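Chains as they are written, first to last, in the working numbering: chain A, 654 to 938; chain B, 654 to 938; chain C, 654 to 938; chain D, 654 to 938.
Just so you know, the hints here were simulated from the structure itself, not pulled from any lab data. Quick caveat: nothing in here was measured; it's all calculated off a predicted structure. Check before you lean on any hint, since a few could be wrong.
Note: identical chains are not told apart, hence a pair may lie in one copy or across any two.
[What the hints assert, rightly or not] The calculated SDA-like cross-link candidates involving lysine to any residue, where the alpha carbons are at most 25 Å apart (straight line), are:
id: 1; residue 1: Lys901; residue 2: Asp865
id: 2; residue 1: Lys901; residue 2: Trp824
id: 3; residue 1: Lys901; residue 2: Ala873
id: 4; residue 1: Lys901; residue 2: Arg717
id: 5; residue 1: Lys901; residue 2: Pro712
There are 4 protein chains.
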Amino acid sequence: MTNGIETSQAHEVPVDVRRMRVGCEFVHIAAVDTPTVFQVEAQDAQPISVIKQEWSVEPQLRVRRYTDLYGNRCARVVLPAGRSVLRYDALLLVPDAAEDADESARELLPDELPDDVLLYTLPSRYCLPDMLGDEAWSRFGPMPTGYRRVQAICDHVNSHLTFQYGSSGSWSTAVDVNASGYGVCRDFTHLAISFCRALNIPARYVFGYLPDMDVPADPAPMDFAAWMEVWLGDRWWTFDPRNNARRKGRAVIGHGRDASDVAMVTTFGAPLLESMTVLAQEEPA
Amino acid sequence: MTNGIETSQAHEVPVDVRRMRVGCEFVHIAAVDTPTVFQVEAQDAQPISVIKQEWSVEPQLRVRRYTDLYGNRCARVVLPAGRSVLRYDALLLVPDAAEDADESARELLPDELPDDVLLYTLPSRYCLPDMLGDEAWSRFGPMPTGYRRVQAICDHVNSHLTFQYGSSGSWSTAVDVNASGYGVCRDFTHLAISFCRALNIPARYVFGYLPDMDVPADPAPMDFAAWMEVWLGDRWWTFDPRNNARRKGRAVIGHGRDASDVAMVTTFGAPLLESMTVLAQEEPA
Amino acid sequence: MTNGIETSQAHEVPVDVRRMRVGCEFVHIAAVDTPTVFQVEAQDAQPISVIKQEWSVEPQLRVRRYTDLYGNRCARVVLPAGRSVLRYDALLLVPDAAEDADESARELLPDELPDDVLLYTLPSRYCLPDMLGDEAWSRFGPMPTGYRRVQAICDHVNSHLTFQYGSSGSWSTAVDVNASGYGVCRDFTHLAISFCRALNIPARYVFGYLPDMDVPADPAPMDFAAWMEVWLGDRWWTFDPRNNARRKGRAVIGHGRDASDVAMVTTFGAPLLESMTVLAQEEPA
Amino acid sequence: MTNGIETSQAHEVPVDVRRMRVGCEFVHIAAVDTPTVFQVEAQDAQPISVIKQEWSVEPQLRVRRYTDLYGNRCARVVLPAGRSVLRYDALLLVPDAAEDADESARELLPDELPDDVLLYTLPSRYCLPDMLGDEAWSRFGPMPTGYRRVQAICDHVNSHLTFQYGSSGSWSTAVDVNASGYGVCRDFTHLAISFCRALNIPARYVFGYLPDMDVPADPAPMDFAAWMEVWLGDRWWTFDPRNNARRKGRAVIGHGRDASDVAMVTTFGAPLLESMTVLAQEEPA
Chain A
654 MTNGIETSQA HEVPVDVRRM RVGCEFVHIA AVDTPTVFQV EAQDAQPISV
704 IKQEWSVEPQ LRVRRYTDLY GNRCARVVLP AGRSVLRYDA LLLVPDAAED
754 ADESARELLP DELPDDVLLY TLPSRYCLPD MLGDEAWSRF GPMPTGYRRV
804 QAICDHVNSH LTFQYGSSGS WSTAVDVNAS GYGVCRDFTH LAISFCRALN
854 IPARYVFGYL PDMDVPADPA PMDFAAWMEV WLGDRWWTFD PRNNARRKGR
904 AVIGHGRDAS DVAMVTTFGA PLLESMTVLA QEEPA
Chain B
654 MTNGIETSQA HEVPVDVRRM RVGCEFVHIA AVDTPTVFQV EAQDAQPISV
704 IKQEWSVEPQ LRVRRYTDLY GNRCARVVLP AGRSVLRYDA LLLVPDAAED
754 ADESARELLP DELPDDVLLY TLPSRYCLPD MLGDEAWSRF GPMPTGYRRV
804 QAICDHVNSH LTFQYGSSGS WSTAVDVNAS GYGVCRDFTH LAISFCRALN
854 IPARYVFGYL PDMDVPADPA PMDFAAWMEV WLGDRWWTFD PRNNARRKGR
904 AVIGHGRDAS DVAMVTTFGA PLLESMTVLA QEEPA
Chain C
654 MTNGIETSQA HEVPVDVRRM RVGCEFVHIA AVDTPTVFQV EAQDAQPISV
704 IKQEWSVEPQ LRVRRYTDLY GNRCARVVLP AGRSVLRYDA LLLVPDAAED
754 ADESARELLP DELPDDVLLY TLPSRYCLPD MLGDEAWSRF GPMPTGYRRV
804 QAICDHVNSH LTFQYGSSGS WSTAVDVNAS GYGVCRDFTH LAISFCRALN
854 IPARYVFGYL PDMDVPADPA PMDFAAWMEV WLGDRWWTFD PRNNARRKGR
904 AVIGHGRDAS DVAMVTTFGA PLLESMTVLA QEEPA
Chain D
654 MTNGIETSQA HEVPVDVRRM RVGCEFVHIA AVDTPTVFQV EAQDAQPISV
704 IKQEWSVEPQ LRVRRYTDLY GNRCARVVLP AGRSVLRYDA LLLVPDAAED
754 ADESARELLP DELPDDVLLY TLPSRYCLPD MLGDEAWSRF GPMPTGYRRV
804 QAICDHVNSH LTFQYGSSGS WSTAVDVNAS GYGVCRDFTH LAISFCRALN
854 IPARYVFGYL PDMDVPADPA PMDFAAWMEV WLGDRWWTFD PRNNARRKGR
904 AVIGHGRDAS DVAMVTTFGA PLLESMTVLA QEEPA
């Protein structure tokens, strides 16, 4: 349909765009057919455009997608008995611009929060503001409120926890890792989220791809990443308690209350994960 | 996350799967930057899996996707002043199986219809059950109800209308084409939908790709296709008043009340469409 | 659950609140049981609070509510053979404040419009921007854009059409009433919406209760009212082409693309409507 | 709008309907204005019709409703400094029929579960299938699957836990109460849900009003109630691990993953709850 009417068009500020390739590969060995849900597709959400994506599955399998309660895209696959390889690959356009930040972004009073954001002030499986409330208020309560207070929470979590693979497990809550002092990116995120929520600041968990664009490449194998978004003023702002830095090229897979809402793979059975490879890197134009 | 529990798994009836390539290319020449919405992505919805899709746009442009009121995927692009080429390409897995049909599927009484289906009994921009009600009741009212009555509507529309490009326009309603006797696939569909709705049978418009799988190839250039879905029993059933045949490989782009809800391209301005090419064909494995 | 943390609370600007009673009564006589959908409940949506509502139906009938595609509340009732009385009654709190207006609110370029607002630039059953585009552009195209242009559209429609019950019917489009020069409030609204959409200004139809608060009481029996909302800047603004005045106490029942989306009563059958009474008036505190 | 067409109407099986009054009253004393969310409105959802409801708040306050992620209705109120009384009262029609049960309802394989039900197989704040999986499989794994297995879970929980007010708190998980052996209705429910989910049976938490219809009246003051719904076959089925009986007149307020999703009151602050009264009883016709 053509509305058929000429309109003048404001020119957007031109933004340099870079190309990024993200993807992953899972090799499973299953004793029996195993229903599985994958959450690995990069979201086509501003400011990122997904211009190409491809699934390949060996042996050939049906991939059934659906959208969950949070608007995330999920893919259901029944892994067959035996060995299976599932590969996801996408090409993205990402703006070559620093991540947004605004030190003057303010905390809202609870009564001012939008209805659909209230959820993110409550406890969830791994984020326990109720049990970390005393610490949150004594540490961060007296500080000036707003963006800088959230940054202070990130600074604290980033220095309090030591990153160590294997130090935590699928059962570890924010309380557990706060006590142990060790965790992986999801734990850093759960703890920072818990402190925010304890202060009535809405915070949600984000899971995605994070390339080493314009930062020294990490020698470790690439992995999925977790960070958080915090509601200040009239929007969500990205904070990353693990890296504690603004980065380029974050590609969101999904968001939710905590890691239980955005699992890269949920298996209804016990297949062996022989290998997992993650890719997130700039692609030459 | 691993639920960690083995479950036995029912084996699905194995279905042969074929590979289908669908896509389109639009070449526009615009005097000024022109905001445009495209609805051309094949839906990843049962029984079809989209295993690969790719957008390419020259010059390089942002493609912003969103989901509309009906759950359809739309892509917003600002066509730049000058010449632009937008290409969409996807690879699908489609079952090698006849389209469902069930001659015993029954019409529901209005009180039995699910809430979200009621909408599709009402008039819309192009489907005018209110104005075609007398004809609908005199022609189809006395017939046995159910699947066969809907088939009778398709048979009638298929023989009453003569397919002819250019015979109708973006303003033509079901009433217009019923009077003229000519139309394209969208008009066949609008008229059949109007008759169904007049009888309180929910019917919705579907827009998509329709390959010539296992049927004699149409010598005309490939085009997008329109057909309808009708609610009988507890689900939507596909009917195609234009081809009036069950087909393989229908790939849905979107559905809605009529063509105004699923437009392949909506331009806010008046660019020249230099060419449009549509592709839908089997892909050798 | 208690978050258990004291927060200071910004004091809202105190707003005087008035109490308003709205409701309606339908008396039907049906030959057979007749499925019917009513859209008459006042929405509890800012700035209005519904503090009491009551349905009474004689004989006693089930009232099944659901929410439609637009978020409107609908009630399904099967009117029994014979005489039935359905009564809806609600008590609202409404702010004693002038309706918002902002002459500086600007039109957005199509590319700037939020995704979910795009729908309201397109043609629908009764609103035909495609067919009224030439008139829209010649009349309103040269004007300064924004709030004042929309007001000019309302001024024109208000003076061009003469209000007359019975002058139009359930089939009358904006084109029809524009030609005839007569209509009721829904026709005024359809015409103004069509002009807005032709200019790429999103406009939607609103159906509701409109009391005579602080205006001279209309001696005619109270009726439901229709007006429109137009997207300017970052929100919907109320315009009323029929009354062409800012009013207090508008209680929205629902909104949609046009009257076909918000019908006070949709019957799947042909009962006789013996009487309909509408009430909307201030309630002494 | 009148579709204008007579249809014959299947007569529903006549069901005797009884009238039930439900409601609650909260008296708070707050030091400062305190934002609060209440979830106390009875849902108008089959088979229950809400024919009247009324909020009264002293002093007069705005009540702002919204619908949460799960489709539950919530009401936001800012409790003023000082004493406030919030009262909710509703009149319902409920069928005089035994609650549905079907001993032949079967468990689905995970791959057969509808997309939107998968969520209810995962851990949440209070329901920990991951940590109770071993017990679940050793106790209930060898049993025949389906409705009877879920009933066996309820029987076990009902006998394993002793009902005792004050024995658990807002922090108590299913693991905690399983160990302590004591709990209130929410704990019974959390534990039974955890066992179901460990077996990949979707289970969700329900919060509502439960009158003593046709059962010996409980001499204790009326309270809100919690039970669960379990997905078997193609629908949710009600189970009540606390009362372990089929009952009449269950009026759902909301459902979610566990009690953290359906809290009768969430306060952003620390007001004193001076008293809470709950009402759920049959109303003479």
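Hints, one by one, checked against the model:
{"no.": "1", "hint": "Lys901 - Asp865", "result": "within (8 Å within a copy, 45 Å between copies)"}
{"no.": "2", "hint": "Lys901 - Trp824", "result": "neither (31 Å within a copy, 39 Å between copies)"}
{"no.": "3", "hint": "Lys901 - Ala873", "result": "within (19 Å within a copy, 48 Å between copies)"}
{"no.": "4", "hint": "Lys901 - Arg717", "result": "between (31 Å within a copy, 19 Å between copies)"}
{"no.": "5", "hint": "Lys901 - Pro712", "result": "between (36 Å within a copy, 23 Å between copies)"}
Of the hints listed earlier, the one the structure fails to meet is number 2.
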